[in-house]
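Sequences and hints are given; from them, build the entire structure.
Given next are the chains, with one letter for each unit.
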Amino acid sequence: MALLRPDPTFYPSPREAAAGPMEQLAYVAAFDRSATRPDAIAVVDVDPASASYGRVVGWTDLPYLGDELHHFGWNACSSALCPTAAHPHVERRYLIVPGLRSSRIHVLDTKENPRQPKVVKVLGPEELAKRAGYSRPHTIHCGPDGIYLSALGGADGADGPGGIAVLDHTTFEVRGAWEADRGPQYLAYDFWWHLTQDVLVTSEWGTPSMVEDGIVGELLLGRKYGHALHFWDLRSRRHVQRVDLGDQYQMPLELRPAHDPTKQYGFVGVVISVEDLSASVWVWHRSDGDGWAATKVIDIPAEPADPAALPDLLKPFGAVPPLVTDIALSVDDRSLYVSCWGTGELKRYDVTDPFHPRETGSVRLGGIVRRTAHPARPDLPLAGGPQMVEVSRDGQRVYLTNSLYGAWDDQFYPDGVGAWQALLHTSGELRLDERFFPHGDDFRGLRVHQTRLQGGDASSDSYCFP
Amino acid sequence: MTVAQVVALVGLGAFHGANPAMGWLFAVARGLQDRSRAALCRSLPPIAAGHLGSVAVVAVVVAVTGSIVASTVVAVVGGLVLVGFGLWRLLSTRHFRWVGMRLSHRELAGWSFLMSSAHGAGLMLLPVLVVGAGAHHHQHSVAAADGALDGLAAVALHTAAMFLTAGVVALLVFHVFGVGILRRAWFNLDRMWAVVLVAAGLATVAQAA
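Residue numbers (the numbering used here), protein chains in the order written: chain R, 55 to 520; chain W, 149 to 357.
Among the hints, a few may not be true.
Claimed, not checked - Derived Cβ-Cβ restraints for the label pairs, each shown as a range:
| # | chain 1 | residue 1 | chain 2 | residue 2 | range |
| --- | --- | --- | --- | --- | --- |
| 1 | W | L239 | R | T90 | 42 to 50 Å |
| 2 | W | W236 | R | D495 | 49 to 57 Å |
| 3 | W | N336 | R | P238 | 38 to 46 Å |
| 4 | W | L262 | R | P238 | 27 to 35 Å |
| 5 | W | L262 | R | T90 | 47 to 55 Å |
| 6 | W | F335 | R | T90 | 50 to 58 Å |
Since the hints were derived computationally from the structure, they do not count as laboratory data. Since the model is a prediction, treat every value here as computed from it, not as a measurement. Note that beta-carbon positions come from the ideal geometry of N, C-alpha and C, so glycine has one too.
As structure tokens, then:
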């Protein structure tokens, strides 16, 4: 049923979004690495006034096994207010939850009981394969004309190319592959856009055979993982330009364009440089003329370590790579949060000038060698590190979870990655909330990946008005 | 044109112009994107031109068919089409699909034409147009030409009202209220729009009877 007035969680501009009310609940993707129990969406109470603040207050088990939940997103968001095809009276109500390993796509309704969303639709892997020719669905973004979904792999035994599929806004059926002309693009991972500029950007990780059984050393040292960005015309769905970061910069992953629709830049994190194990953050921007370019603006060096303290994979190097696996940009485009999953650190940068980031904060948690504990449980060494970062709309809170990807967790944290979620307050110094630390059995032994905030967050919505 | 027809044409023009889906919101977005009122103002004529085109198609069809077959038939068939379209709009949950924000003025006019057509803006004028077309009792070819001219005058008047309303609303949002008002005041016009379509269809049939 359509609403009489726009969904209150749709905001015309980033400024309006940042001034909106605080989130009350967080949805967290939780998966069973052994694939013997169903994956689930855990619902965490994030209302500081609530008696159950910081606790898991609801669970929705998925109907099958072995999905490996990873990223997910909303059926509709602020892009519904975009003027060319506005449909502001739909509801932000359904979570679209892909299984990265199973290629199933689940639709969960959060309306009736937001603490226990209901599974209302499951698309089997054959739907994505038959209609779009893809598998291993990953990122979800609510687009102006449908729900866009990136996928790492091809279908019917083909490892690639990965790409983007579009789902129908109302039925959630797969409408087809998005690309009219993919040019040289083969590897896929994340995507996002500059909606008002008709520009779509994609990044590169690897095909299913390159990632599903763990990171492959020969491929990494052979510089075979992704190392380029692709720019597309959103209207004609054609590839426009490939921007190569250099093949030592392996795995540019999460894409965070400026929320201000009049800006034409964004940030991408690169997991590792094979020359010195450093990680980096780049800004993409218009180059002279009509093209695009990418400039490295942050370098994070590896930390030397005793090989005995390192997993087999890293022993030969005697150092811990930072492994920047996720980044998040606040809705006001001023703060960039960078996860160093290897060294166990979350860094904050002031990116008011995107070309000259200034580090303004750092918090240590977990890490391959350090195992920094959370102040709520100083006796408990933590495995994993800050991985998925989600920033609240108002920019006051940052949510962290610690699992990267099942097979890769096992390589970098071979004695178990565990499960924890943490919350940072951002005004002034970064500060961990001691009342907020769901971990271990709170998550029923599942590993936790992306967090989505009720009503939208800094990586869920696109705005058409400045 | 009678006073009643003029009032109806202008009223429907204001109704169309006030609907954010018909173009003023896009004009505001273009103005904000370039931080320029001139960009907003430059967007309005192509939007109005597209609307005019969409409405004129209906007017011409009414005039031409009205010269060939009895105006009663035109009114009844047209009215029924309108009722059907209105009911479909009422029951359908589909929304207009379009990707692309960086449009040239020509593309903007095309967008407006499609938007107006998809919403049945021209059909909504049917009761007024049918009455106008029925007023002629000349030889067929002359009647067609006269009817078409009357029809075009009617859609020009309608579009002028649409253009003015859209311009005033766009400038108010741009300068006075800001886009935040969308969250509070963007009422769902879809159902009302569909009801008006059905009512216009029924009125057309009733006039013919």
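Hints the structure violates: just list their numbers, smallest first. none
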